[in-house]
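**Student:** Residue numbers (our numbering), protein chains in the order written: chain A, 1 to 68; chain L, 1001 to 1114; chain R, 2001 to 2251.
These are calculated hints, taken from the structure and not from any lab test. The structure presented is a predicted model; accordingly, all values stated were derived computationally and were not measured. A few of these clues could be false.
According to the in silico footprint, chain R covers these stretches of chain L (three or more CB under 8 angstroms from chain R) [to be verified]:
id, segment
1, 1040-1048
2, 1054-1063
3, 1080-1093
Distance condition first, Cα-Cα at most 30 angstroms in a straight line; then the derived DSBU-like pairs of lysine-lysine [as the list claims (entries may be wrong)]:
id, chain 1, residue 1, chain 2, residue 2
4, R, Lys2133, R, Lys2160
5, L, Lys1055, R, Lys2215
6, R, Lys2108, L, Lys1005
7, R, Lys2093, L, Lys1059
8, L, Lys1088, R, Lys2159
9, R, Lys2196, R, Lys2108
10, R, Lys2125, R, Lys2195
11, R, Lys2212, R, Lys2017
12, R, Lys2049, R, Lys2125
13, L, Lys1084, R, Lys2159
14, R, Lys2212, R, Lys2159
15, L, Lys1059, R, Lys2212
16, R, Lys2057, R, Lys2127
17, L, Lys1044, R, Lys2212
18, R, Lys2026, R, Lys2049
19, L, Lys1084, R, Lys2193
20, L, Lys1044, L, Lys1005
21, R, Lys2195, R, Lys2160
22, A, Lys10, R, Lys2160
23, R, Lys2195, R, Lys2133
24, R, Lys2193, L, Lys1055
25, L, Lys1005, A, Lys10
26, R, Lys2160, R, Lys2017
27, A, Lys10, R, Lys2093
28, R, Lys2017, L, Lys1055
29, R, Lys2215, L, Lys1093
30, L, Lys1059, R, Lys2057
31, R, Lys2093, R, Lys2108
32, L, Lys1005, R, Lys2093
33, R, Lys2159, R, Lys2133
34, R, Lys2212, A, Lys10
35, R, Lys2026, R, Lys2193
36, R, Lys2049, R, Lys2017
We treat Cβ as the ideally placed atom computed from N, Cα and C, and that holds for glycine.
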Amino acid sequence: MHDNVIDRSKDVTILELLDRVLNKGVILTGDIVISVADVDLVYVGVKLMLSSVETMEQLRSGKSVAEE
Amino acid sequence: MSEDKILFNTGSLDELSEEIGKLTSNEESRLKLTPDNADSGLAKLVLTLVELIRKLVEKQAMRRVDGGLLTDEEIERLGETLMKLEMKMEELKRHFNLTDRDLNINLGPLGDLM
Amino acid sequence: MDMMIYSILSVKNNHEKLNTLLIAMKGISGADLYAVSLDEISAVVCDIKRADLIADKTNAIEYAGVIENLAQQFTLLPMRYGSIMGSTDLINKMLGRNYHEFQQNLQKVENKCEFGLKIFCDSEKLKAELRAKSEADTKTPDKPAPKIKNSVYRDWVNKKLKEHRLEELLLTYVDSVIAEITGYLARLNAVNKFKKMATETTIIDAVFLLDKERKDALIHVIEELQNQYPGLNFVLTGPWPPYNFVEIIIK
Chain A
1 MHDNVIDRSK DVTILELLDR VLNKGVILTG DIVISVADVD LVYVGVKLML
51 SSVETMEQLR SGKSVAEE
Chain L
1001 MSEDKILFNT GSLDELSEEI GKLTSNEESR LKLTPDNADS GLAKLVLTLV
1051 ELIRKLVEKQ AMRRVDGGLL TDEEIERLGE TLMKLEMKME ELKRHFNLTD
1101 RDLNINLGPL GDLM
Chain R
2001 MDMMIYSILS VKNNHEKLNT LLIAMKGISG ADLYAVSLDE ISAVVCDIKR
2051 ADLIADKTNA IEYAGVIENL AQQFTLLPMR YGSIMGSTDL INKMLGRNYH
2101 EFQQNLQKVE NKCEFGLKIF CDSEKLKAEL RAKSEADTKT PDKPAPKIKN
2151 SVYRDWVNKK LKEHRLEELL LTYVDSVIAE ITGYLARLNA VNKFKKMATE
2201 TTIIDAVFLL DKERKDALIH VIEELQNQYP GLNFVLTGPW PPYNFVEIII
2251 K
C-alpha cells in the first residue's frame, strides 16, 4: 500500500518532468528533429495570422491598437 | 533523477496521475501523418481546425445572444445556421469515422483560444 | 556528428567551475558533456547521433536530470528536448545572435525557481453547485418570452444559451480563485502564469517563478488556499528549472 503511494508520486513527478522537457524551454526554430516541434512551428505561424486579423479589425473600427 | 517533486497534495494520487497523464499524453494528442493514414490523417487535421472555428463562432454567437441586443429574428437566423453547422459537423465526423476524442489534438497555442 | 544542447548557462567568470562540473557529469547514453562559450554565457552540449534521439522517455528524463544538476550550480535557461545543431561554430553564432536576449532571460531567472500548481475538481459537480447558487441569488429571467411561436431553432439556441451561461459561471468562479491566488503570491514577489480549464477536471494549471528561499512560504500559502477551498484539490510541485519562463524567439 505504501509502495503504491510512492510509485504514484514518482509517476506524477515524471509526468510533470516530461511535460516540461518535451513541451517547454527554449526552442531552436531551425533544425528540430522531433515532429511535435514541427507542428508547433506551423501553429505559431497561424496564431500570428489570427492576431493580424484582430489588429486589422481594430484598425478599421478606429480603436487604438494595444501594443503586443 | 529520482526525487519526488510533489510539495503539497491532498487528493488521491491515482486520480492525479491519470489526470496529468491526459494533459501530457503524447500518443493521442499528436497527429502522426504516415503514407498509410495520409488521407484520414489529413481529414482529422482539417476537421479539428474546422471544429475549433465552429466552436469559437458558436461561443461568440452565444455571447451576443446573451448580451440582449439582438432581435428575435436575428436570434432565429443564428440558431438555424449554427444548428445546421453542428449537424453538418456530426455528419462529417460519422463519414470519416472520427469521434470528438479523435479531434482533440493538441493545438499548441491555438488551443488556448477556447 | 550533431550536438545536442541541454541549456544556456550564465557563467560569467566561472568557466573553470563549469568545466570541472562537466567532467564529473555524463549526458544521455553516457556521452561526455562540454561547454560552448561566448563571453558570459555557455551552452552545455554533448555529441549525438540523430538516430539516438527518437523521443525516448528514458533519454528525455536523463536529459532533464542533467539540466537539474546544472541548475544546482548555475543560473540557466533549459532547452527543449531535441535541441540540435550541426557544429560548435553554428552554436557559437547562435549564441552571438541571441546574446542580449539570453542575458535578459538569465537575469530574470537568477536565484529563482519554477513551481507548478494544478487545481483539480469535478467540473460538472462544480457547475451544478454554481448554478444552484446563482438561481438562489437572483431571479434571472429566462430569455424574453418570444412573441412568435417557439421554433426548433429557438429551442436549440435556448439550450446552447443555458450551457453557455453555466460555462461563464464556471469561468467567473475560476477567475475568482485565480484572483485569490494572485493576491497571496504578490506577497512572495512571484511571477505567475495561469491556464484555465486545461481539461474538464484541471480547472487551473499555473506556474510560478520566485526566489528559491521562498519555497516554504509558498507551501504555506497553498496550505491556506486548500483550507479556503475544501472542494478543490491542490497539487504543488517543484522546485523546477525555469522551463515555463523563458521568453525568447531564437534568431
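**Student:** So, for every hint listed, does it hold in this structure?
**Tutor:** Consistency of the hints with the structure:
1. 1040-1048: violated (count 0)
2. 1054-1063: holds (count 4)
3. 1080-1093: Per the Cβ count (3), the hint holds.
4. R/Lys2133 <-> R/Lys2160: Within the cut-off at roughly 20 angstroms; holds.
5. L/Lys1055 <-> R/Lys2215: 40 angstroms, violated
6. R/Lys2108 <-> L/Lys1005: Roughly 23 angstroms separates the two Cα atoms, so the pair holds.
7. R/Lys2093 <-> L/Lys1059: This hinted pair is violated, its Cα atoms lying about 47 angstroms apart.
8. L/Lys1088 <-> R/Lys2159: 18 angstroms, holds
9. R/Lys2196 <-> R/Lys2108: The given pair, whose Cα atoms are some 25 angstroms apart, holds under the 30 angstroms limit.
10. R/Lys2125 <-> R/Lys2195: 20 angstroms, holds
11. R/Lys2212 <-> R/Lys2017: Distance of about 22 angstroms is within 30 angstroms: holds.
12. R/Lys2049 <-> R/Lys2125: It is violated: about 51 angstroms lies between the C-alpha atoms, which goes past 30 angstroms.
13. L/Lys1084 <-> R/Lys2159: Satisfied, since the Cα-Cα distance of roughly 15 angstroms is no more than 30 angstroms.
14. R/Lys2212 <-> R/Lys2159: 50 angstroms, violated
15. L/Lys1059 <-> R/Lys2212: 42 angstroms, violated
16. R/Lys2057 <-> R/Lys2127: 37 angstroms, violated
17. L/Lys1044 <-> R/Lys2212: Distance ~44 angstroms between L/Lys1044 and R/Lys2212 Cα, so the pair is violated.
18. R/Lys2026 <-> R/Lys2049: 16 angstroms, holds
19. L/Lys1084 <-> R/Lys2193: Violated, at roughly 38 angstroms.
20. L/Lys1044 <-> L/Lys1005: 37 angstroms, violated
21. R/Lys2195 <-> R/Lys2160: Between R/Lys2195 and R/Lys2160 the Cα gap is close to 24 angstroms, so the pair holds against 30 angstroms.
22. A/Lys10 <-> R/Lys2160: 42 angstroms, violated
23. R/Lys2195 <-> R/Lys2133: Holds, because 25 angstroms separates the two Cα atoms, which is no more than 30 angstroms.
24. R/Lys2193 <-> L/Lys1055: 25 angstroms, holds
25. L/Lys1005 <-> A/Lys10: 8 angstroms, holds
26. R/Lys2160 <-> R/Lys2017: 63 angstroms, violated
27. A/Lys10 <-> R/Lys2093: Status violated; Cα separation ~39 angstroms.
28. R/Lys2017 <-> L/Lys1055: The given pair, whose Cα atoms are some 54 angstroms apart, is violated under the 30 angstroms limit.
29. R/Lys2215 <-> L/Lys1093: Roughly 48 angstroms between the alpha carbons, so the hint for R/Lys2215 and L/Lys1093 is violated.
30. L/Lys1059 <-> R/Lys2057: Since the Cα atoms of L/Lys1059 and R/Lys2057 sit roughly 38 angstroms apart, the hinted pair is violated (cutoff 30 angstroms).
31. R/Lys2093 <-> R/Lys2108: 23 angstroms, holds
32. L/Lys1005 <-> R/Lys2093: 36 angstroms, violated
33. R/Lys2159 <-> R/Lys2133: With a Cα-Cα distance of about 20 angstroms, the restraint between R/Lys2159 and R/Lys2133 holds, given a limit of 30 angstroms.
34. R/Lys2212 <-> A/Lys10: 22 angstroms, holds
35. R/Lys2026 <-> R/Lys2193: 33 angstroms, violated
36. R/Lys2049 <-> R/Lys2017: 28 angstroms, holds
In summary, the numbered hints that this structure violates are 1, 5, 7, 12, 14, 15, 16, 17, 19, 20, 22, 26, 27, 28, 29, 30, 32 and 35.
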